[in-house]
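Protein chains in written order, with the numbering used here: chain L, 1 to 340; chain Y, 1 to 340.
FYI, nobody ran anything at the bench for these hints, they're computed from the structure. Positions of the beta carbon are idealized from the N, C-alpha and C atoms, including for glycine. Be aware that one or more of the hints could be misleading.
Unchecked claim - In silico DMTMM-like pairs for lysine to aspartate or glutamate, Cα to Cα no more than 25 Å straight-line: (1) K22/Y / D267/L; (2) K22/Y / E310/L; (3) K155/Y / E152/L; (4) K22/Y / E315/L; (5) K156/L / E237/Y; (6) K17/Y / D141/L; (7) K156/L / E37/Y; (8) K34/Y / D141/L; (9) K33/Y / D141/L; (10) K17/L / E126/Y; (11) K17/L / E70/Y; (12) K33/L / E315/Y; (13) K34/L / E315/Y; (14) K156/Y / E152/L; (15) K17/Y / E152/L; (16) K73/L / E110/L; (17) K200/Y / E126/Y; (18) K22/L / E315/Y; (19) K73/Y / D141/L; (20) K34/L / E152/Y; (21) K209/L / E310/L; (22) K73/L / D141/Y; (23) K34/Y / E216/L.
What the hints assert, rightly or not - Stretch by stretch, here's where chain L covers chain Y in the computed footprint (C-beta under 8 Å, at least three residues): (24) 61-70; (25) 137-151.
As a plain string of letters, each chain reads:
Protein chains: 2
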Amino acid sequence: MVFEKYAHEVDSPMRLKDLGEKWIVNYINSTLKKLPETFLPIGDDAIDLACSSRLLVSVDMMVQNTDIPEGMKWRDVGYRAITSTTSDVASKGGRPLMYLTSLALPPEMETEHFKELWSGILEAVELYGGVVAGGDTNAGDQVIIDVICLAEAPKKIVSRSGASPGDVVAVTGLFGVEAAGLHALINNVKKPISCKVIEKMTRPIARVKEGRILSEYASASIDSSDGLAESLHLISEASSVGFRINNPPIDPLALEYSREVEVDLLDLVFYGGEEYELVVTIPRESWSRARVEIEEAGGRLIEIGYVIDEPGVIEVLWGSQYIRLSKRGYQHFTPIQDLR
Amino acid sequence: MVFEKYAHEVDSPMRLKDLGEKWIVNYINSTLKKLPETFLPIGDDAIDLACSSRLLVSVDMMVQNTDIPEGMKWRDVGYRAITSTTSDVASKGGRPLMYLTSLALPPEMETEHFKELWSGILEAVELYGGVVAGGDTNAGDQVIIDVICLAEAPKKIVSRSGASPGDVVAVTGLFGVEAAGLHALINNVKKPISCKVIEKMTRPIARVKEGRILSEYASASIDSSDGLAESLHLISEASSVGFRINNPPIDPLALEYSREVEVDLLDLVFYGGEEYELVVTIPRESWSRARVEIEEAGGRLIEIGYVIDEPGVIEVLWGSQYIRLSKRGYQHFTPIQDLR
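Chain L with its partners taken away, still in its complex shape (with noise of 0.2 Å):
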């Protein structure tokens, strides 16, 4: 009997259909913890939340089939959940409050594989200083991680629509080793800089300190998850306004990955999202107080070009010559037809 659950054991590790809702919802509730000042204990039907000023809410979902690339570990697949919610609100000033995690989970998945993908979710809620407060578990036929973040709002905050010509063109950090990295999983890239890419992409860092600091100084602000040309083209059209990008924030691990695997170096820096930087606006006048304040915080906040009177334009200094960048960010549900 003894070799018998051995063998069990070995040839067919536990899985969440083993041990049913309440225990994930017990694991789950074990680790939940209340915001100071709150009444209603862990687990009741809502939570409650004493608030004084303004708040700050995103929601940010990600689907195992699209979101989630094969060869992921679980762990960093939580921690980047939380990551992506966290980067919303940081682009606005926020600063993490409370976490909800929405799960569907399917049946079949290894309970050992559940248990990594939450420590990753708790991993990352500390790193940013909020807890998880809640949320609702379900089955589903793939991994589903909705995330809302509550945040405290600063006390200015910056929207997309304040660039003005003359501004300067500002992100918190380079671009292109977080699409290299994903290249490099998807495509099983098996050369030594795939590893480099990958332990970078693993732990992006939502820039919720530099967000804070950033809402005095910004006239425009928002986040990069889709991609830095996206992000550009996004304060484009809410500002009305153009960019010139003379110097691309190009990242020397993506450049590097670029010339060995032969990938498209604009794509990786403009195209390939999930990249938690900021891209901001700054009035000329503010812009050194600002660089200076977030590197004092131990920040970067690297120039990268200014803004124009040309709605819409996106020119980006590309060796020698001025390029335009084309608005084509990540979509789902690729659109087959036009219907106009």
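Once you've looked at the hints, dock chain Y against the given chain L.
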């Protein structure tokens, strides 16, 4: 060419993949509303919300394969998704302010079905008095609707844990007709009574008004979306009490259905779920005032029994004798093995 176009339209309805994510997002955004005193425009990275006191937050995910019976109209699905989350905050006395909806939609979904789904969402949100302020849209294998509700908390928030022996147990409506409707839908029961129960089940109402009033009087409160038996068991566990139910809240239509279709009435009334009535305990001295106030507001408050000092014991007068209700609410991830 005209005939060709016509034939195309009749043969193959427009699907989401024909239109793409931008179309869906624009369609949704054109129906979104801002709360007064918000700063960020619709479609920005996050939503801001001015709040002066305490909020209630809840989230509820609806998954097509497990939560949406085949044959249910898409408008009703949308209506129910909003109602389900609203019911959670209603049980704590919350007044809905703002909803966020995270959707996964299959690219093959017919555009008309998506529009129906969305119209049901808007119908319910209007009924409960909030706005849909934002959300997220993704492609997925099946329809997933994750609804987040932010609500204004009442002065006093009622948890599940305050029930005391002697308190009245009351509900805001009758039970069993939702389960009967679901049974009729799933089993495609073709009897006149089927239409009646299906029609009644399509528009359950979250008890927002009642919950607000009851927050002043109730010692414990919960909604009944997982079934009346489960709700009683959860209050019982949280409050360390038991219940004697001497007036089971049987809906006459459920009784009629159980007789004509030969399904167990106790199952329909206590274990069906999908109801959105509130289950509350009220100190005896406050009972009359609570009932009168609810009735003046156009609602119902039905006394079904009283709290007893026997933790975990739930007795129901059924026919001429008391029977004990076991704990077997709906669980996702059917457990197939006891691991202890």
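Here is what the structure says about each hint:
1. K22/Y / D267/L: Status holds; Cα separation ~21 Å.
2. K22/Y / E310/L: 24 Å, holds
3. K155/Y / E152/L: Judged against 25 Å, a Cα distance of about 22 Å means the pair holds.
4. K22/Y / E315/L: Distance ~24 Å between K22/Y and E315/L Cα, so the pair holds.
5. K156/L / E237/Y: 46 Å, violated
6. K17/Y / D141/L: At roughly 20 Å apart (the allowed maximum being 25 Å), D141/L and K17/Y satisfy the hint.
7. K156/L / E37/Y: 14 Å, holds
8. K34/Y / D141/L: Status violated; Cα separation ~34 Å.
9. K33/Y / D141/L: 33 Å, violated
10. K17/L / E126/Y: 38 Å, violated
11. K17/L / E70/Y: 23 Å, holds
12. K33/L / E315/Y: 35 Å, violated
13. K34/L / E315/Y: With Cα atoms ~34 Å apart, K34/L and E315/Y exceed 25 Å; violated.
14. K156/Y / E152/L: It holds: about 24 Å lies between the C-alpha atoms, which stays within 25 Å.
15. K17/Y / E152/L: At roughly 37 Å apart (the allowed maximum being 25 Å), E152/L and K17/Y break the hint.
16. K73/L / E110/L: Distance ~13 Å between K73/L and E110/L Cα, so the pair holds.
17. K200/Y / E126/Y: The hint holds at about 20 Å.
18. K22/L / E315/Y: Within the cut-off at roughly 24 Å; holds.
19. K73/Y / D141/L: It holds: about 22 Å lies between the C-alpha atoms, which stays within 25 Å.
20. K34/L / E152/Y: Since the Cα atoms of K34/L and E152/Y sit roughly 19 Å apart, the hinted pair holds (cutoff 25 Å).
21. K209/L / E310/L: Not satisfied, since the Cα-Cα distance of roughly 32 Å exceeds 25 Å.
22. K73/L / D141/Y: 22 Å, holds
23. K34/Y / E216/L: 24 Å, holds
24. 61-70: holds (count 5)
25. 137-151: holds (count 11)
Comparing the model with each earlier hint shows violations of hints 5, 8, 9, 10, 12, 13, 15 and 21; every other hint is respected.
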